[in-house]
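Student: This is what each chain is made of:
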Amino acid sequence: GAVVSQHPSRVICKSGTSVKIECRSLDFQATTMFWYRQFPKKSLMLMATSNEGSKATYEQGVEKDKFLINHASLTLSTLTVTSAHPEDSSFYICSARKGTSGYEQYFGPGTRLTVT
Amino acid sequence: AQSVTQLDSQVPVFEEAPVELRCNYSSSVSVYLFWYVQYPNQGLQLLLKYLSGSTLVKGINGFEAEFNKSQTSFHLRKPSVHISDTAEYFCAVTTTSGTYKYIFGTGTRLKVLA
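Residue numbers (our numbering), protein chains in the order written: chain W, 6 to 121; chain H, 8 to 121.
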């Protein structure tokens, strides 16, 4: 199988605080993980590509100082939303790719972030 | 660069009727194509994918899609829908080499009516 988990599934935080979302590949090693953001009734927007042991590659328009990505091991990538504001409220989905090559991404169940 | 167009934002259909969800893509290089389903507050579930070979691809839950290179389309079909098929459906494309970034369409909300 190829199972990807995310934690937490839902989080509510106050404006100005930071929140961390974890993405884990449970039964495979993932050199590359991806982070997406999904606005209500909208498509998935790729935020960044996370590579184990190196800096993430951010898509144009995504603030790297606000959305900190760490891919410290072959099974874990984290997204930290720093100084969160209500406009950061969204559904965040991660995906992982097996090994060092290949096209297929395996998606996590998503994390609903609400900033009050 | 690649792009994906899902022209229908919503498709209402009666239970047991057939349905087709349209997807068109644009790319100057070879691509792989995917259809995903998303239920409320959940992640994406792969329905089917086209990599190469037969242009008719069968997936889970009775869905199938046909790759048409000349029309750059990858429409999703099901001959008889159920209430439980009500969900959001996304078409996606990635290149056959390189970074393998996925580009998603804007989604089609399938609403199955009793």
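In short, the hints are calculated from the structure, not lab data.
It is possible that part of the hints are untrue.
Sample of chain W residues with no beta-carbon within 12 Å of chain H, all distances over it, derived [what the hints assert, rightly or not]: (1) S20; (2) F39; (3) Q43; (4) K47; (5) S48; (6) L51; (7) L81; (8) T83; (9) E109; (10) R117.
Calculated pairs, BS3-like style, for lysine-lysine (alpha carbon to alpha carbon, straight line, at most 25 Å) [stated by the list, open to error]: (11) K69/W <-> K76/H; (12) K76/H <-> K118/H; (13) K47/W <-> K71/W; (14) K108/H <-> K65/H; (15) K69/W <-> K56/H; (16) K60/W <-> K56/H; (17) K118/H <-> K69/W; (18) K71/W <-> K76/H; (19) K46/W <-> K76/H; (20) K25/W <-> K60/W; (21) K76/H <-> K103/W; (22) K19/W <-> K71/W; (23) K108/H <-> K71/W; (24) K56/H <-> K76/H; (25) K25/W <-> K69/W; (26) K60/W <-> K46/W; (27) K65/H <-> K25/W; (28) K108/H <-> K76/H; (29) K76/H <-> K65/H; (30) K60/W <-> K118/H; (31) K103/W <-> K46/W; (32) K71/W <-> K25/W; (33) K56/H <-> K118/H; (34) K69/W <-> K47/W; (35) K103/W <-> K25/W; (36) K19/W <-> K46/W; (37) K46/W <-> K71/W; (38) K76/H <-> K25/W; (39) K103/W <-> K118/H; (40) K56/H <-> K108/H.
Glycine included, each C-beta is placed from N, C-alpha and C at the ideal position.
Student: With reference to the structure, classify each hint as holding or not holding.
Tutor: Status of the hints after comparison with the structure:
no., hint, result
1, S20, "holds, 23 Å"
2, F39, "violated, 8 Å"
3, Q43, "violated, 9 Å"
4, K47, "violated, 7 Å"
5, S48, "violated, 5 Å"
6, L51, "violated, 6 Å"
7, L81, "holds, 17 Å"
8, T83, "holds, 17 Å"
9, E109, "violated, 8 Å"
10, R117, "violated, 6 Å"
11, K69/W <-> K76/H, "violated, 38 Å"
12, K76/H <-> K118/H, "violated, 29 Å"
13, K47/W <-> K71/W, "holds, 22 Å"
14, K108/H <-> K65/H, "holds, 24 Å"
15, K69/W <-> K56/H, "violated, 32 Å"
16, K60/W <-> K56/H, "violated, 30 Å"
17, K118/H <-> K69/W, "violated, 38 Å"
18, K71/W <-> K76/H, "violated, 41 Å"
19, K46/W <-> K76/H, "violated, 29 Å"
20, K25/W <-> K60/W, "holds, 17 Å"
21, K76/H <-> K103/W, "violated, 28 Å"
22, K19/W <-> K71/W, "holds, 16 Å"
23, K108/H <-> K71/W, "holds, 22 Å"
24, K56/H <-> K76/H, "holds, 15 Å"
25, K25/W <-> K69/W, "holds, 14 Å"
26, K60/W <-> K46/W, "violated, 31 Å"
27, K65/H <-> K25/W, "violated, 38 Å"
28, K108/H <-> K76/H, "holds, 20 Å"
29, K76/H <-> K65/H, "holds, 17 Å"
30, K60/W <-> K118/H, "violated, 42 Å"
31, K103/W <-> K46/W, "violated, 29 Å"
32, K71/W <-> K25/W, "holds, 12 Å"
33, K56/H <-> K118/H, "holds, 23 Å"
34, K69/W <-> K47/W, "holds, 22 Å"
35, K103/W <-> K25/W, "holds, 23 Å"
36, K19/W <-> K46/W, "holds, 24 Å"
37, K46/W <-> K71/W, "holds, 24 Å"
38, K76/H <-> K25/W, "violated, 42 Å"
39, K103/W <-> K118/H, "violated, 34 Å"
40, K56/H <-> K108/H, "holds, 15 Å"
Hints 2, 3, 4, 5, 6, 9, 10, 11, 12, 15, 16, 17, 18, 19, 21, 26, 27, 30, 31, 38, 39 from the list above are not met by this structure, while the remaining hints are.
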